[in-house]
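Visitor: Using the sequences and the accompanying hints, generate a full structural model.
Here is how the chains run, residue by residue.
There are 4 protein chains.
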Amino acid sequence: MKNNGNTFGTNFSVTTFGESHGVALGCIIDGCPAGIELSEEIIQKALNRRRPGLSPDGKLNAAVTARTEADAVEILSGVFEGRTTGTPIALEVRNTSQHSKDYGNLDLTFRPGHADYTYDVKYGGCRDYRGGGRSSGRETLARVAGGAVAAQLLAQRGIKITAYTIRAAGISAEKRDLSQIEQNALRAPDNEAAARMNAKIEELRAAGDSAGGIIECIVQGCPVGLGEPAFDKLDANLAKAMLSIGAVKGFEIGDGFAAADSFGSTNNDCMHAENGQPVFDSNHAGGVLGGLSSGADIIFRVAVKPVPSIFKPQQTVRRTGEFGEDGKAQYETTELQIKGRHDICLCPRIVPVVEAMTALVLADFLLRNTH
Amino acid sequence: MKNNGNTFGTNFSVTTFGESHGVALGCIIDGCPAGIELSEEIIQKALNRRRPGLSPDGKLNAAVTARTEADAVEILSGVFEGRTTGTPIALEVRNTSQHSKDYGNLDLTFRPGHADYTYDVKYGGCRDYRGGGRSSGRETLARVAGGAVAAQLLAQRGIKITAYTIRAAGISAEKRDLSQIEQNALRAPDNEAAARMNAKIEELRAAGDSAGGIIECIVQGCPVGLGEPAFDKLDANLAKAMLSIGAVKGFEIGDGFAAADSFGSTNNDCMHAENGQPVFDSNHAGGVLGGLSSGADIIFRVAVKPVPSIFKPQQTVRRTGEFGEDGKAQYETTELQIKGRHDICLCPRIVPVVEAMTALVLADFLLRNTH
Amino acid sequence: MKNNGNTFGTNFSVTTFGESHGVALGCIIDGCPAGIELSEEIIQKALNRRRPGLSPDGKLNAAVTARTEADAVEILSGVFEGRTTGTPIALEVRNTSQHSKDYGNLDLTFRPGHADYTYDVKYGGCRDYRGGGRSSGRETLARVAGGAVAAQLLAQRGIKITAYTIRAAGISAEKRDLSQIEQNALRAPDNEAAARMNAKIEELRAAGDSAGGIIECIVQGCPVGLGEPAFDKLDANLAKAMLSIGAVKGFEIGDGFAAADSFGSTNNDCMHAENGQPVFDSNHAGGVLGGLSSGADIIFRVAVKPVPSIFKPQQTVRRTGEFGEDGKAQYETTELQIKGRHDICLCPRIVPVVEAMTALVLADFLLRNTH
Amino acid sequence: MKNNGNTFGTNFSVTTFGESHGVALGCIIDGCPAGIELSEEIIQKALNRRRPGLSPDGKLNAAVTARTEADAVEILSGVFEGRTTGTPIALEVRNTSQHSKDYGNLDLTFRPGHADYTYDVKYGGCRDYRGGGRSSGRETLARVAGGAVAAQLLAQRGIKITAYTIRAAGISAEKRDLSQIEQNALRAPDNEAAARMNAKIEELRAAGDSAGGIIECIVQGCPVGLGEPAFDKLDANLAKAMLSIGAVKGFEIGDGFAAADSFGSTNNDCMHAENGQPVFDSNHAGGVLGGLSSGADIIFRVAVKPVPSIFKPQQTVRRTGEFGEDGKAQYETTELQIKGRHDICLCPRIVPVVEAMTALVLADFLLRNTH
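Taken in order, these protein sequences are the chains called C, V, R and Z. Be aware that the first sequence starts at 1, since it is given in UniProt numbering, and climbs by one per residue. Be aware that the second sequence starts at 1, since it is given in UniProt numbering, and climbs by one per residue. Be aware that the third sequence starts at 1, since it is given in UniProt numbering, and climbs by one per residue. Be aware that the fourth sequence starts at 1, since it is given in UniProt numbering, and climbs by one per residue.
By construction, these hints were calculated from the structure, which means they are not laboratory data. Values in this document were obtained by computation on a predicted structure and should not be read as measured data. Among the hints, erroneous ones may be present.
Just so you know, same-sequence chains aren't split out, so a pair can sit in one copy or run between any two.
[Unchecked claim] The calculated EDC-like cross-link candidates involving lysine to aspartate or glutamate, where the alpha carbons are at most 16 Å apart (straight line), are: (1) Lys175 with Glu335; (2) Lys328 with Glu274; (3) Lys175 with Glu332; (4) Lys175 with Glu40; (5) Lys160 with Glu332; (6) Lys339 with Glu202; (7) Lys200 with Asp261; (8) Lys328 with Asp120; (9) Lys312 with Glu332; (10) Lys328 with Asp177; (11) Lys160 with Glu335; (12) Lys312 with Asp269; (13) Lys45 with Glu74.
Guide: This is the structure:
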């Protein structure tokens, strides 16, 4: 780890800051090469994709929350006359729409499925509990901003990253028509399935409940050899990047868990030569061999848990502020009724975060010099 | 990443070296506190668990390879009068049983499902191809040695790690009797299921094929708050640690991919207070909240692919050594018949590696000082 | 190194950003423990000490530049209700007084003694040349802000850092009266010597020239054992921290270069016991033994070069924008007359930077957990 | 810092291990590119230069100790058929000549000027006290081995590093004839001055005392732009590398401390163009501008303290093993008479260590990819 867990990457690194209801969120990107075209417009476009409350047609939709603020990004350094200078790029987004009162009762009462309790213990009770503070999904805003810069670098090299929802609320996409991803509120590659996902999500909203799903990501145009044995394998760093996203509970590459039931004779991707160059006959491995990119498309999936903020009353504990004879903080059982505004299914908003983290992983490896 | 991918960990770090058929394999452990009891016997005991060809009753068994060498470890530094001194602990295992001739035809011909091709490209053709060289599963020997030292530190803190095979060759364990793990060649917590797994593996051996499986790991006694937001979440680092193991293609924590089909009202782990202390009513999260250990048992699973070395002829490519007009190395289609000695199912040998990597992740976080 | 050179520290780390004439400068502090008292007032007080153009009595003085802007700091994250939360602390200072026109002729003409030429080559000509951009002394503003947070942590532990000018423009302080440091414009522990330094600096100003000097720093109250063998010795990291300050050309600890002419019988610091505790009879080592703090005061000195921006015409080169047949950028000889506002002697302004970097080094080691 | 201080470098990294009287010393080099010619002969040649007790003519000489062992290096991994493979290179040197009895009385008695006391406190009394254990100068053997590999990489790029003694026992070299460095036991670029240094060292030996000195290092052929602002400046990392050598107490680059008394008009290195390329008129900066290599020769000096092991009786403290009511370990005053074999002046043996550490710093920067 980096020890101070708010930096991701070594050669192309992003250090993020900010709480859900603090003054601002943002990041410093360090290691970006000089001479890359960059502007606030480019980054804003990426941020707008993760903005709450927006479907591609601009209407509020079933999948996402009602919080709608500008999330306007400002470049503070590292860009001069429209190009990067090789110095740190600081990005900032001011918070403009805090409803802190919604969270007034959460200073000592811990929401089930959230980081409230573990943060309270780890940081000795010193935490910004408003909207989950640092552990809020809003932290991913800084990741998307950083990822947008990485994407500029990858675009130069012809690398394309596309993520999409393949399952939500128990309903699967039945095709992979990438042209449809931005045509529906779920960011699914199947408009028809997306409509059914949306209907199911509406039912859950009415019931005060929430849903999870699965996101798939494909990377096209990656050169052979990205990744660093033995521990910094490409798939290892992708797994870390994905599990570092709050709601993600699982990662698999290529055939993933299905490979556990396969046989070597089926699972191996044989090769043949075409015009003197190697070609894979299949891609069960998902584009990685021995932790290095193989030149085949990189394909992986992540499991997204249901939104923990639901509107049904839940049993939880409250720290009383007293201490036992053994010095331990004391807790009492209580019931919690969450208020405020919340997503029902995170998939469509996590899609750009998955793309951003993937871009950060690849940019970091691309700048690794082994010659 | 660490940039030079052969180091894992920041506070408790392990740097490994060695190839399958080189002079020796080993590691340097840096950051281990002073005063911890350590001896070659303690490490050797862990190494023996991953030794090829051994079942708990000492008989060669169906699951693993025929390569049987001593793998005797030597401590070169960092231990004085039976205790660690806080200085680097260097461990070494000399290779004593190389059958290099088995690999004579693999210098330019790339085994399907192995790292041969990607290494050949990444390192410009300079590689030790014997037995897969650095990409051989034998590299995990150094991880297990390092993990044995980490386990000494964790034992001091009352933390216990147990991994076991829950599925192999398409057959699942039907119970979790941890007392049976070392009683069968699969390291399954279910002797009866293990017998059926073994029978299926024997069939595959006869057919010249191989199998995969799923390993589960449980961590008991972990304190609340291990993990570092936002990127070095405990589950993120576990995912990286697991995917850094060659044959692992997937990771999930708690309900994992099943959580994608669950609802917030089901998936949230509610809490209540007992004697003033918080208790979780369930453990769908797998012992992690917001990337920090919650005090509940940590439970995760990894998907293990089938052994790529099979004894059926396979189509692959061979680098001819010539170069095209565009300067590109040229390849030709060829057929490969693998010889030598190989596992049929890696699960029982990966079980100690999963435990070792988990110990390394936890030791690293335990030594993270946030006060 | 950190690879992306804008982060300093591992456990208590600071990542800085910003150019002299950009939108803002600032930093992210990561790893600061939760619960430490912090406010904009505390940081502002430190920033004001390095502000240009101010002597302790508030009057403009001989030693420093005429650029006078507020340098008002804003805390963007990581502090809640007056205390740190253990999450990243982002600090920002907006630039409010840019005279970019002063630098209009410096895009391709390189000032002697400055980083202009090396940056131009390293970053392929993509650089913010206004006021030196990233290489400006103004970058130290972010270090002082970060150091102010570290100092809050050190104060908790009873560690006190004091730096002061012991030589400037060839004139030495003749005593070490620390109470006089903030009483004179040179920050010398000797008001009388400071007056003579000031007079000499006025002469140099009139002649369009500049001066260097030597700064000494003493650390009191440091516990025994800070530092990490073999490479991260306390004095090694202090040396790095000091040489990372633009104008610093030398570092020595304890007797430093004088020790080269000493003898073992003189240079060794013998010990005796008082009330059962060890006491050093002397401190030739400067408070460090084997790279670890010894409990004695830590004393070191840094050499500060003369300000490179002088008002005499200087010969230098200009990049013409053309390229030779070998593809090399072409340069021509030219004469440069620097305009704008500049320091004559940097010592008084580097004193707080030396203190800040020392605080960052010590905070980083203090949070290193070896148990 | 790296947190575990036994690794140096990020892109080209060396992790060292071993104690003076342990089983072996050595290192793992990670990040060395594939395809570089390497053999035990090449590394052995470098190790022989730091071997104790050898002058260029092979005779024992005045400057160095009587300990004479083979220090035979073995390559354990990372080299195949005479070339590096891009995987970790493990190097090992077995200890063969331990006279542990010489150190029997040093387990609780702390030698003045050594790391004994600080290590004893830091590591809670768990330390290998024999010959200083990990803090022995013998640890530099692993640095020289690692530096020899870095030197192979630098030689490919036309970079040449040369260090030499310019002052010892108060006597200075009066010329810089690099051809004479290996012609005298002091490794001075002036045979005549070396003879006088040697004579003075003989006097000190007879008196049971020891001497210090100054080593200068010059780097030729370094490209423009090595170094990473703001903190990982080339001179900052060189300073750290040098102060990480046990006996070094000071570092200066270019004019160093002399620059503190200079003026801007003198100290600035003006430039002019020759055949369209920039040329420096002088080199007061020592080859570094703004922390980046400028293309001029890199020149720096280090101060070496007198050997702390002297044969005069010295007052010191002994830990009694008892503890006070406050739980503090108790110490008593004692007199120490050091026995065994020791250097009188370290300069000639530190010369290869300075070269090795310089090679490690440069190799690390050379592999930093900023494009």
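Visitor: Work down the list of hints and note, for each, if the structure agrees.
Guide: Structure-based check of each hint:
1. Lys175 with Glu335: neither (43 Å within a copy, 35 Å between copies)
2. Lys328 with Glu274: So Lys328 and Glu274 pass the 16 Å test across copies only (13 Å; inside, 68 Å).
3. Lys175 with Glu332: neither (49 Å within a copy, 35 Å between copies)
4. Lys175 with Glu40: Classified as neither: same-chain Cα gap 35 Å, cross-chain 54 Å, threshold 16 Å.
5. Lys160 with Glu332: neither (51 Å within a copy, 29 Å between copies)
6. Lys339 with Glu202: neither (18 Å within a copy, 58 Å between copies)
7. Lys200 with Asp261: For Lys200 and Asp261, the Cα distance is within 16 Å only across copies (12 Å; inside one copy 32 Å).
8. Lys328 with Asp120: within (13 Å within a copy, 34 Å between copies)
9. Lys312 with Glu332: neither (20 Å within a copy, 63 Å between copies)
10. Lys328 with Asp177: Answer is neither; intra-copy 55 Å and inter-copy 34 Å both fail.
11. Lys160 with Glu335: Neither: 47 Å inside a chain and 33 Å across chains, both beyond 16 Å.
12. Lys312 with Asp269: Result: close only across copies, 14 Å inter versus 48 Å intra.
13. Lys45 with Glu74: within (13 Å within a copy, 27 Å between copies)
Violated hints, listed in ascending order, are 1, 3, 4, 5, 6, 9, 10, 11; each of the other numbered hints is respected by the structure.
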